[in-house]
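First to last, the protein sequences are chains D and Y. Position 49 of the first sequence, counting from 1, maps to 384 under my numbering, and the rest follow consecutively. Position 20 of the second sequence, counting from 1, maps to 155 under my numbering, and the rest follow consecutively.
Warning: the hint list may mix true and false statements.
[As the list claims (entries may be wrong)] Computed far set for chain D versus chain Y, every beta-carbon distance over 10 Å:
| # | residue |
| --- | --- |
| 1 | Asn362 |
| 2 | Thr400 |
| 3 | Asp419 |
[Stated by the list, open to error] Cβ pair distances, simulated, as ranges:
| # | chain 1 | residue 1 | chain 2 | residue 2 | range |
| --- | --- | --- | --- | --- | --- |
| 4 | Y | Met150 | D | Arg393 | 46 to 52 Å |
| 5 | Y | Asn187 | D | Gly351 | 47 to 53 Å |
| 6 | D | Glu350 | Y | Met150 | 33 to 39 Å |
| 7 | D | Gly376 | Y | Arg157 | 17 to 23 Å |
| 8 | D | Gln416 | Y | Gly194 | 32 to 38 Å |
Derived by calculation from the structure, the hints in this document are not laboratory data. Even glycine gets a Cβ: it sits at the ideal position worked out from N, Cα and C.
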Amino acid sequence: SQKIEQNSEALNIQEGKTATLTCNYTNYSPAYLQWYRQDPGRGPVFLLLIRENEKEKRKERLKVTFDTTLKQSLFHITASQPADSATYLCALVRQAGTALIFGKGTTLSVSS
Amino acid sequence: DAGVIQSPRHEVTEMGQEVTLRCKPISGHDSLFWYRQTMMRGLELLIYFNNNVPIDDSGMPEDRFSAKMPNASFSTLKIQPSEPRDSAVYFCASSFVGWSTDTQYFGPGTRLTVL
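Produce the entire structure from the sequences given, and follow the hints as far as they go.
Next comes the structure, spelled out in structure tokens:
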């Protein structure tokens, strides 16, 4: 069965630095991969999607890369701020119309 | 749009009691998902509906769990009888499969505590 691993449960960085979160998957390559943000007591919120034929996607201070050879996606937050502190989940889907499979998430803490 | 609506937000019940969680998806969305989130197991898919029809219920833990979607604007997840190990946050999400992104919109969740 498909497995997703996010590199660590927690990541602590200083304000202004770049946060890099890792998502590794096994078995088949997904059609696309998504990143979500979850704040305490709330549901996940979609951030970015990257398709299997895309290497990189950007949105404001966020950047996602997708390496199908390494079976890995990296999620970067540049110029991090305390407001970026949250849990970030990666999720993949094998093909459109099928369910997402979520990783357990990485909790990012940005200190000022 | 109000987003995905779930009720109740918190539920505390005793072991053996029946629990019903409710969800109203975003209008126009044709897919609905029920998830359970715990610290140990993360976010797990329980069941997935498309056009009100259950497509994948392989994540439903056992016969004590059942889900229905009688129409496009309402779904329930029922646990009968409830057990302490069912304590978790239950999320409902909806999406429009016709989009190429399948982005899911999550509700605020129901925190269930079974004593």
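Here is how each hint holds up against the structure:
1. At roughly 17 Å, the least C-beta separation between Asn362 (chain D) and chain Y is larger than 10 Å, which holds for a residue marked as non-interface.
2. Chain Y leaves Thr400 (chain D) outside its interface by the beta-carbon criterion, the shortest separation being 18 Å against a cut-off of 10 Å.
3. Look at Asp419 (chain D): its CB is around 19 Å from the nearest CB on chain Y, clear of 10 Å, so calling it non-interface holds up.
4. Checked against the hint of 46 to 52 Å, the C-beta distance between Met150 (chain Y) and Arg393 (chain D) comes to roughly 50 Å, which is consistent with it.
5. A beta carbon spacing of about 49 Å between Asn187 (chain Y) and Gly351 (chain D) agrees with the range 47 to 53 Å that was offered as a hint.
6. Distance hint check: the CB atoms of Glu350 (chain D) and Met150 (chain Y) are about 46 Å apart, inconsistent with the given range 33 to 39 Å.
7. As the Cβ distance of Gly376 (chain D) to Arg157 (chain Y) is approximately 19 Å, the hint placing it in 17 to 23 Å holds.
8. Distance hint check for Gln416 (chain D) and Gly194 (chain Y): the Cβ-Cβ separation is about 36 Å, which falls inside the suggested range of 32 to 38 Å.
Consistency with the previously given hints fails for number 6 only.
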